[in-house]
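Those protein sequence lines, which keep their order, are chains A and B. Residue numbers for the first sequence follow my numbering, beginning at 1 and rising by one. Residue numbers for the second sequence follow my numbering, beginning at 1 and rising by one.
For the record, the hints were derived by calculation from the structure and aren't laboratory data. Honestly, I wouldn't trust all of these hints.
[Unchecked claim] DEER-style ranges, computed between Cβ atoms:
#  : chain 1 : residue 1 : chain 2 : residue 2 : range
1  : B       : 125       : A       : 49        : 28 to 36 angstroms
2  : A       : 213       : B       : 120       : 48 to 56 angstroms
3  : A       : 187       : B       : 36        : 38 to 46 angstroms
4  : A       : 110       : B       : 111       : 18 to 26 angstroms
5  : A       : 23        : B       : 89        : 25 to 33 angstroms
6  : A       : 68        : B       : 103       : 30 to 38 angstroms
7  : A       : 228       : B       : 125       : 39 to 47 angstroms
8  : B       : 33        : A       : 68        : 18 to 26 angstroms
9  : B       : 132       : A       : 154       : 51 to 59 angstroms
10 : A       : 32        : B       : 108       : 42 to 50 angstroms
11 : B       : 75        : A       : 128       : 50 to 58 angstroms
Ideal Cβ positions, reconstructed from N, Cα and C, are used throughout, including at glycine.
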Amino acid sequence: MAKVYTAVQAFYAEFDISGDGNSFEPSREQEVLESRPFNSAFVKKDAGIVNDSATLGGYLSFEDPGTAFMSNIGTKVPVSVCVDANPAAEQDKAYLVYGLHAFPGGPAEQGALRTFNLNLDADDYMGIGRVLGNGQKTATGNTAAGWSGGAVPAGGSIVAAVHCTTATTGTVDIIIQSAATGDSGFASPTTRLTFTQITTTDISEWQRATSAAGITDTLWRAKWTGASTPDHTFCVTFAIV
Amino acid sequence: MADVVLGGYFSIGGVDRSSFCESWEPSWELEIQESRPFNSNFVKKDAGLENHSFTATFVDDTSYTLVQALDALVGTKAAFELRYDDAAVGATNPKWTGSCVVPRTTPPATQGGAARFSVTFQVDGAATMATA
Numbered sequence: 001m002a003k004v005y006t007a008v009q010a011f012y013a014e015f016d017i018s019g020d021g022n023s024f025e026p027s028r029e030q031e032v033l034e035s036r037p038f039n040s041a042f043v044k045k046d047a048g049i050v051n052d053s054a055t056l057g058g059y060l061s062f063e064d065p066g067t068a069f070m071s072n073i074g075t076k077v078p079v080s081v082c083v084d085a086n087p088a089a090e091q092d093k094a095y096l097v098y099g100l101h102a103f104p105g106g107p108a109e110q111g112a113l114r115t116f117n118l119n120l121d122a123d124d125y126m127g128i129g130r131v132l133g134n135g136q137k138t139a140t141g142n143t144a145a146g147w148s149g150g151a152v153p154a155g156g157s158i159v160a161a162v163h164c165t166t167a168t169t170g171t172v173d174i175i176i177q178s179a180a181t182g183d184s185g186f187a188s189p190t191t192r193l194t195f196t197q198i199t200t201t202d203i204s205e206w207q208r209a210t211s212a213a214g215i216t217d218t219l220w221r222a223k224w225t226g227a228s229t230p231d232h233t234f235c236v237t238f239a240i241v
Numbered sequence: 001m002a003d004v005v006l007g008g009y010f011s012i013g014g015v016d017r018s019s020f021c022e023s024w025e026p027s028w029e030l031e032i033q034e035s036r037p038f039n040s041n042f043v044k045k046d047a048g049l050e051n052h053s054f055t056a057t058f059v060d061d062t063s064y065t066l067v068q069a070l071d072a073l074v075g076t077k078a079a080f081e082l083r084y085d086d087a088a089v090g091a092t093n094p095k096w097t098g099s100c101v102v103p104r105t106t107p108p109a110t111q112g113g114a115a116r117f118s119v120t121f122q123v124d125g126a127a128t129m130a131t132a
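Go ahead and model the full structure; you've got the sequences and the hints to work with.
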């Protein structure tokens, strides 16, 4: 049965723009290098490097995040688009982009809808991963069941984004952990990424780490530790690149 | 929430010309500087300079009021102000202001057509957004 997108949750920096956005188009351009050596009657082709980008479109308002669109020109912004449900559930598919953009506002045209079209030029890579946590959190917790995302190959990377859309009280510390295959209870986890502590300011953050040797752990989760009567609404997305 | 433009705002040279303007479209461009270092198989990107301009579409009146007003500004850098809504500037209705080069306009005359023409204004430096 064909997948029909009927409920997408999209985050731009510290904003949930689901009520404004209506389209997302990721693009992964694999550069192909052609060669025409003497010994072949056919064009030979090899893979070059990858150039990632994404387009996010929707209806422009200046409540949120329209104003942020302007102030973030020239700043790398984390964007996560969770394509399976709204609100997204843990382990739903998510696209993660850390990109630059110009002002996306469309025209002011009499009688027409105000629209935006955000062209994100991804710095390095776009992650295609999973949601590891989403919603209002008022206590310490973690991803209910670790995501079997697999190992990280030598030279590979992990990326994660946090979008805290409402920071009310207390503090929360968010980390990304891995565990070996079979350790579904995360009895011996390893912390792989650590986000800046969130206090009472809405905030977003992008984290990445590259492993020259690779990581053999195959289970991944987010863990959040709250203190001082924490009350935060956030989404954590994660991908192996 | 989707908003419909029902009354935008356009001024040039310190004069409100909204009654002549059908649309304006911002082009606040950002130059992306790409790099391809040996240690990455992906293109890395950093922010370069911003280059701002906007294009407006007008319909002039029978006295050619707007064309004459724009002609008087040709070759100068004129102050401009743009808003999606002509209501008061505020947190949900920002304005963009700055200084732009006014080019010479050459409105076409088409039999049976309105005196409609578009002008692209190159902004000198930044178009600055403000909510107050």
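Sort out which numbered hints this structure fails and list those numbers smallest first.
none
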